[in-house]
Amino acid sequence: MDLNMDLNAPHSMGTTIIGVTYNGGVVLGADSRTSTGMYVANRASDKITQLTDNVYVCRSGSAADSQLVSDYVRYFLHQHTIQLGQPATVKVAANLIRLLSYNNKNMLETGLIVGGWDKYEGGKIYGIPLGGTLIEQPFAIGGSGSSYLYGFFDQAWKEGMTKDEAEQLVVKAVSLAIARDGASGGVVRTVVINSEGVTRNFYPGDKLQLWHEELEPQNSLLDILSSPSPEPMNI
Amino acid sequence: MNFMASKQPENSLLGPEADSQRTLYPNVTGTSVVALKYKDGILMAADMGGSYGSTLRYKNVERMKAIGKHSLLGASGEISDFQEILRYLDDLILYDNMWDDGNSLGPKEVHNYLTRLMYNRRNKFNPLWNSLVLGGIKNGEKYLGTVSMIGVNFEDDHVATGFGNHLARPILRQEWHENLSFEDGVRLLEKCMRVLLYRDRSAINKLQIAKITEEGMTISQPYSLKTYWEFSAFENPTQGAVGSW
Numbered sequence: 001m002d003l004n005m006d007l008n009a010p011h012s013m014g015t016t017i018i019g020v021t022y023n024g025g026v027v028l029g030a031d032s033r034t035s036t037g038m039y040v041a042n043r044a045s046d047k048i049t050q051l052t053d054n055v056y057v058c059r060s061g062s063a064a065d066s067q068l069v070s071d072y073v074r075y076f077l078h079q080h081t082i083q084l085g086q087p088a089t090v091k092v093a094a095n096l097i098r099l100l101s102y103n104n105k106n107m108l109e110t111g112l113i114v115g116g117w118d119k120y121e122g123g124k125i126y127g128i129p130l131g132g133t134l135i136e137q138p139f140a141i142g143g144s145g146s147s148y149l150y151g152f153f154d155q156a157w158k159e160g161m162t163k164d165e166a167e168q169l170v171v172k173a174v175s176l177a178i179a180r181d182g183a184s185g186g187v188v189r190t191v192v193i194n195s196e197g198v199t200r201n202f203y204p205g206d207k208l209q210l211w212h213e214e215l216e217p218q219n220s221l222l223d224i225l226s227s228p229s230p231e232p233m234n235i
Numbered sequence: 001m002n003f004m005a006s007k008q009p010e011n012s013l014l015g016p017e018a019d020s021q022r023t024l025y026p027n028v029t030g031t032s033v034v035a036l037k038y039k040d041g042i043l044m045a046a047d048m049g050g051s052y053g054s055t056l057r058y059k060n061v062e063r064m065k066a067i068g069k070h071s072l073l074g075a076s077g078e079i080s081d082f083q084e085i086l087r088y089l090d091d092l093i094l095y096d097n098m099w100d101d102g103n104s105l106g107p108k109e110v111h112n113y114l115t116r117l118m119y120n121r122r123n124k125f126n127p128l129w130n131s132l133v134l135g136g137i138k139n140g141e142k143y144l145g146t147v148s149m150i151g152v153n154f155e156d157d158h159v160a161t162g163f164g165n166h167l168a169r170p171i172l173r174q175e176w177h178e179n180l181s182f183e184d185g186v187r188l189l190e191k192c193m194r195v196l197l198y199r200d201r202s203a204i205n206k207l208q209i210a211k212i213t214e215e216g217m218t219i220s221q222p223y224s225l226k227t228y229w230e231f232s233a234f235e236n237p238t239q240g241a242v243g244s245w
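From first to last, the protein sequence lines stand for chains A and B. The UniProt record's numbering applies: residue 1 is where the first sequence begins, and numbers increase by one. The UniProt record's numbering applies: residue 1 is where the second sequence begins, and numbers increase by one.
Treat the hints with care, since some could be wrong.
Said to hold, decoys possible - Below, a list of computed lysine to any residue pairs in the SDA-like style, where the Cα atoms sit at most 25 Å apart:
1) LYS59(B) / LEU99(A)
2) LYS206(B) / GLY160(A)
3) LYS91(A) / LEU92(B)
4) LYS206(B) / GLY151(A)
5) LYS124(B) / TYR102(A)
6) LYS91(A) / LYS142(B)
7) LYS91(A) / ASN60(B)
8) LYS142(B) / THR213(B)
9) LYS59(B) / TYR102(A)
10) LYS206(B) / SER147(A)
Worth flagging that the hints you see were computed from the coordinates, not collected in a lab.
Bound conformation, chain A alone (with noise of 0.2 Å):
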């Protein structure tokens, strides 16, 4: 493998995102990884934008055309506020995105999840995905690691979680995806948005649950070596 043209290829958020809706608002999370080529460029990127105070997206794929598309629109949001004279709904958010991503289709290669909270729909959830199709969902995967969510939400999803199942499940979710994706890693990053705003949460690496074939961090061998030898086995 040429390491030079790695080196030069497009920054790519490999990447894991998850948008969830419950009882009261929305969960955004996403992990922390931005590669070129085999390189990661970035271990604790924050792929969760904001948009407005009440709206955020998650971010994947070209990490370039990820960021100018949400700076376009939080810019055209930041008028519309004005203009409106009240927050702006996450439908709209949402739509402003997918004018972009669909009449770009073409030069274009991110996928996004729209979440957030407004007073006349609560929390919603919209996946944009390659392409622009605009599509409202109780919750959205995206990012290459999401390939391994599919099962996994398929059976751990239900309707009307809790706040807390509902980031539970979203860090669970990340870390599984972490554990087997190879663009993805770093540290889980969650964004609660409800009535009474927004709360940011930060989960490091070596805080997330062990899964399997994985084993506990340690210090050094030597410490390993110098502490007690393990019990033996019974048959």
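On the provided structure of chain A, position chain B as indicated by the hints.
The following block gives chain B in isolation, referenced to the frame of chain A:
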């Protein structure tokens, strides 16, 4: 709103992607739509799947929508392009209503509009990647037509898109007849949809059947079909030839 529209550079030193006036491939797609004329109007069926390549990603996509008072549009192919077509049709119907002259666009007119839309995009090498089925009834006259992404259009007593062309149409040719009852029409569509479920990889078992009559349009709640797997030949197919399939 110039930011929204696709930019076309004059002297393009960029690669083929900058040729933004050309659709390359679909991303999120819907599979077959099947429709037939029956005694009181048109019956149309489509599943609720939105595939992302080979992944059955979205399972709640409504691929049939009412257009004005007299028509019903079903689409297969790229969902974002279908959503855009619905927006074009919204404008068309609104304009028609604003005349407030007692006239309203019938299915024949809407079908013609869609044909022009699809064909003109095809001529610019930037197709709307859909196969459309347009059915309706106005003043007692039933109408059922189809338009493809390259602008091929025709009307018939029964139509289908995608895999439906290969699997549903032969069934319809055998079993369709004039003045089908609602029940017979639904059963015939379900027969087609079941075969598609068995044999189309992108089909999902969650479908809707829409009906349009002189009274108006109704669309059923999403439901699933029973499937049959208990043929004795299915139980141990390789018994007589171990290692085969």
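Against the structure, the hints:
1. LYS59(B) / LEU99(A): With Cα atoms ~23 Å apart, LYS59(B) and LEU99(A) stay inside 25 Å; holds.
2. LYS206(B) / GLY160(A): holds, 23 Å
3. LYS91(A) / LEU92(B): The hint holds at about 23 Å.
4. LYS206(B) / GLY151(A): Cα-Cα ~18 Å, so holds.
5. LYS124(B) / TYR102(A): holds, 18 Å
6. LYS91(A) / LYS142(B): Violated. LYS91(A) to LYS142(B) sits at ~37 Å, over the 25 Å cutoff.
7. LYS91(A) / ASN60(B): holds, 18 Å
8. LYS142(B) / THR213(B): holds, 9 Å
9. LYS59(B) / TYR102(A): Between LYS59(B) and TYR102(A) the Cα gap is close to 21 Å, so the pair holds against 25 Å.
10. LYS206(B) / SER147(A): Measuring from Cα to Cα gives roughly 22 Å; hence the hint holds.
Checked against the numbered hints above, the structure breaks only hint 6 and satisfies the rest.
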